[in-house]
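The listed protein sequences derive, respectively, from chains U and W.
Under my numbering, think of the first position of the first sequence as 1, with each following residue one higher.
Under my numbering, think of the first position of the second sequence as 341, with each following residue one higher.
Derived from the structure by calculation, the hints contain no laboratory data.
Please read these numbers as outputs of a predicted model, since none were measured by experiment.
Heads up, a few of these hints could be off.
Output of the computed footprint for chain W on chain U, the stretches with three or more beta carbons under 8 Å from beta carbons of chain W [stated by the list, open to error]: (1) 48-57; (2) 97-111; (3) 150-162.
We treat Cβ as the ideally placed atom computed from N, Cα and C, and that holds for glycine.
Number of protein chains: 2
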Amino acid sequence: MTDCGSITGTVSLAHGDGGELTHRLISDLFLRYFRDEALQPLNDAALLPAQCGLLALTTDSFVVKPLFFPGGNIGTLAVNGTVNDLAVSGARPLYLTVGLILEEGLPLPVLEEVIAALAAAASEAGVAIVAGDTKVVERGHGDQIYINTTGLGLVAGNIDLGCHRVRPGDVIICSGAVGDHGLAVLAARENFGLEGLKSDCAALHTLILPLLENFPGAVKWLRDPTRGGLATTIKELALSAQVDIILSEEAIPVHDSVRGGAEILGLDYLYLANEGKFCAVVDRVAAEDVLAFLRRHPLSCEAALVGEIKEGSGRAFLRTALGATRELYLLSGQQLPRIC
Amino acid sequence: MTDCGSITGTVSLAHGDGGELTHRLISDLFLRYFRDEALQPLNDAALLPAQCGLLALTTDSFVVKPLFFPGGNIGTLAVNGTVNDLAVSGARPLYLTVGLILEEGLPLPVLEEVIAALAAAASEAGVAIVAGDTKVVERGHGDQIYINTTGLGLVAGNIDLGCHRVRPGDVIICSGAVGDHGLAVLAARENFGLEGLKSDCAALHTLILPLLENFPGAVKWLRDPTRGGLATTIKELALSAQVDIILSEEAIPVHDSVRGGAEILGLDYLYLANEGKFCAVVDRVAAEDVLAFLRRHPLSCEAALVGEIKEGSGRAFLRTALGATRELYLLSGQQLPRIC
Numbered sequence: 001m002t003d004c005g006s007i008t009g010t011v012s013l014a015h016g017d018g019g020e021l022t023h024r025l026i027s028d029l030f031l032r033y034f035r036d037e038a039l040q041p042l043n044d045a046a047l048l049p050a051q052c053g054l055l056a057l058t059t060d061s062f063v064v065k066p067l068f069f070p071g072g073n074i075g076t077l078a079v080n081g082t083v084n085d086l087a088v089s090g091a092r093p094l095y096l097t098v099g100l101i102l103e104e105g106l107p108l109p110v111l112e113e114v115i116a117a118l119a120a121a122a123s124e125a126g127v128a129i130v131a132g133d134t135k136v137v138e139r140g141h142g143d144q145i146y147i148n149t150t151g152l153g154l155v156a157g158n159i160d161l162g163c164h165r166v167r168p169g170d171v172i173i174c175s176g177a178v179g180d181h182g183l184a185v186l187a188a189r190e191n192f193g194l195e196g197l198k199s200d201c202a203a204l205h206t207l208i209l210p211l212l213e214n215f216p217g218a219v220k221w222l223r224d225p226t227r228g229g230l231a232t233t234i235k236e237l238a239l240s241a242q243v244d245i246i247l248s249e250e251a252i253p254v255h256d257s258v259r260g261g262a263e264i265l266g267l268d269y270l271y272l273a274n275e276g277k278f279c280a281v282v283d284r285v286a287a288e289d290v291l292a293f294l295r296r297h298p299l300s301c302e303a304a305l306v307g308e309i310k311e312g313s314g315r316a317f318l319r320t321a322l323g324a325t326r327e328l329y330l331l332s333g334q335q336l337p338r339i340c
Numbered sequence: 341m342t343d344c345g346s347i348t349g350t351v352s353l354a355h356g357d358g359g360e361l362t363h364r365l366i367s368d369l370f371l372r373y374f375r376d377e378a379l380q381p382l383n384d385a386a387l388l389p390a391q392c393g394l395l396a397l398t399t400d401s402f403v404v405k406p407l408f409f410p411g412g413n414i415g416t417l418a419v420n421g422t423v424n425d426l427a428v429s430g431a432r433p434l435y436l437t438v439g440l441i442l443e444e445g446l447p448l449p450v451l452e453e454v455i456a457a458l459a460a461a462a463s464e465a466g467v468a469i470v471a472g473d474t475k476v477v478e479r480g481h482g483d484q485i486y487i488n489t490t491g492l493g494l495v496a497g498n499i500d501l502g503c504h505r506v507r508p509g510d511v512i513i514c515s516g517a518v519g520d521h522g523l524a525v526l527a528a529r530e531n532f533g534l535e536g537l538k539s540d541c542a543a544l545h546t547l548i549l550p551l552l553e554n555f556p557g558a559v560k561w562l563r564d565p566t567r568g569g570l571a572t573t574i575k576e577l578a579l580s581a582q583v584d585i586i587l588s589e590e591a592i593p594v595h596d597s598v599r600g601g602a603e604i605l606g607l608d609y610l611y612l613a614n615e616g617k618f619c620a621v622v623d624r625v626a627a628e629d630v631l632a633f634l635r636r637h638p639l640s641c642e643a644a645l646v647g648e649i650k651e652g653s654g655r656a657f658l659r660t661a662l663g664a665t666r667e668l669y670l671l672s673g674q675q676l677p678r679i680c
């Protein structure tokens, strides 16, 4: 029997059975890091004050491997990923729930490190963790830690984002360099020995909400290009808005380390996941002002106008540096599992 | 490469990469069963109408093994478990999110059966599935399907439930026979060949909300005794309310199949999980009326007054049929993992 009081030992099946060890895990570990008053670990649900406005609700499970990588870990990712899904929906993130699936044998100090990072990320993002759940599965039926976070946010009244607002002539702005997260995780997992890679994992709401406040009409559509990368996100937009989109390869910001690493590995950085970037469809008239606004924020100092919307029927293209054009499709068959 | 269009084949890692196969899984499977208009699979969050009242938020992950058992499956459990957590908090369940962690190699027809059951349970319970997420992990790092559901509900304005309202002299009512779920799952998993076992998995809000409406002051505290069973729930109550509690063994409803099966396996049915029962602390004056009310509902026709609250300091006892008294503690060391 492990002793989780001193946060040594390993996770056992009994930590998930709802009895004494579950209680000790909650009191000796979780409640040391999660301190919101709405979090009543022995209650069945968190009771939250009324929010009289449009609500946004989103869920994401995180199975990233390895748990720790340059620039983040599964705990920071689980907070920022869900915060960003709310932010690109125009919502102020308020509350998170955290559901853990732990593998028997997980060292408790590893769990503590993840929980500490998760709590710190939530605190930094200003979201309260108000409910949680822990299950334990036998050795060989998990992979250390899987985390589900579900986020509840409040949408400002005047926000109207969506592909219904996208028109030919609009432009696409990307908030910064692409591919960092996907390649950093892949390199950490496979020990490729590539240098200078670091996940861009970050919470974007302190950037996005002021953007929407300052350019309420001009910003028409937002998305964070996570799994599937920029190319998949743009192709999805083309399909749902029933327009064509042309990206300019030269305009897309990408760090040299990512460009070089992707080339060595035979990967296309346009399909690598991002965890601290967004794409926006913006009215062309406001594009320069939006770019200037973004470049003043540390999370988007490399923002760039990367493409434009054309009349069309759901196709996406990349105009290459050499002037050729190639069509972009949804990610297909690239085996980069578990990057988030 | 599998073909999920015809819902044959198996889950591959590419079903979780956010690209083409993820899209096909969503359109060919999930959207055939999940049809709420707030569910916009290509959006990052569901936008929900304002709910001007106290909100309840709860999360639960389900790792039950086997996936299918007499009386339910992981899909019905994932809906009813979260619905019940909202209901015992006095909230009307409104919305659910569904996060799936699938193991590579899972047969797609099995996934479809679970999704169909989950959708049917949600529809029956009147809750809308408004957001989802799917991740895939490699063979040997999951166990077919894990499901997280997070539930959002609205609390009626005049509801005040909690251990702060529990007083010596109050009584404990259990809504029906205990132990069915835990033993049914265990028997199905281990092929014990025990007869007549069936999980009590059910959504309780259509029972609990009218109960609270009819007895707003008299019902003081509610809990669904899932993991850890009735005994752990009662011990938790004693600890948080700082009272002593005495249960009467003779009064606790238990089906003969469960009593007999538990005896054969050397298990205490008081510690077996329930998924369609609740315990209530009720003002003694109203107890008979509450019991009569409950017994008219099919989900609680075996409701019984099973114990009483005494002055004390957090201890729980069972008065046995023979007149002896034994102390009850939190579940400890019984290895019944993955029953929910």
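For each hint, the structure was consulted:
Under a criterion of three residues with beta carbons nearer than 8 Å to beta carbons of chain W, the stated coverage of the region 48-57 of chain U is upheld, 10 such residues being counted. A count of 5 residues in the region 97-111 of chain U with a Cβ less than 8 Å from any Cβ of chain W is obtained; the coverage claim is therefore met, three being the minimum. Interface restraint, the region 150-162 of chain U with chain W: holds (6 residues with C-beta to C-beta distance below 8 Å; minimum three).
Hint violations for this structure: none, all hints satisfied.
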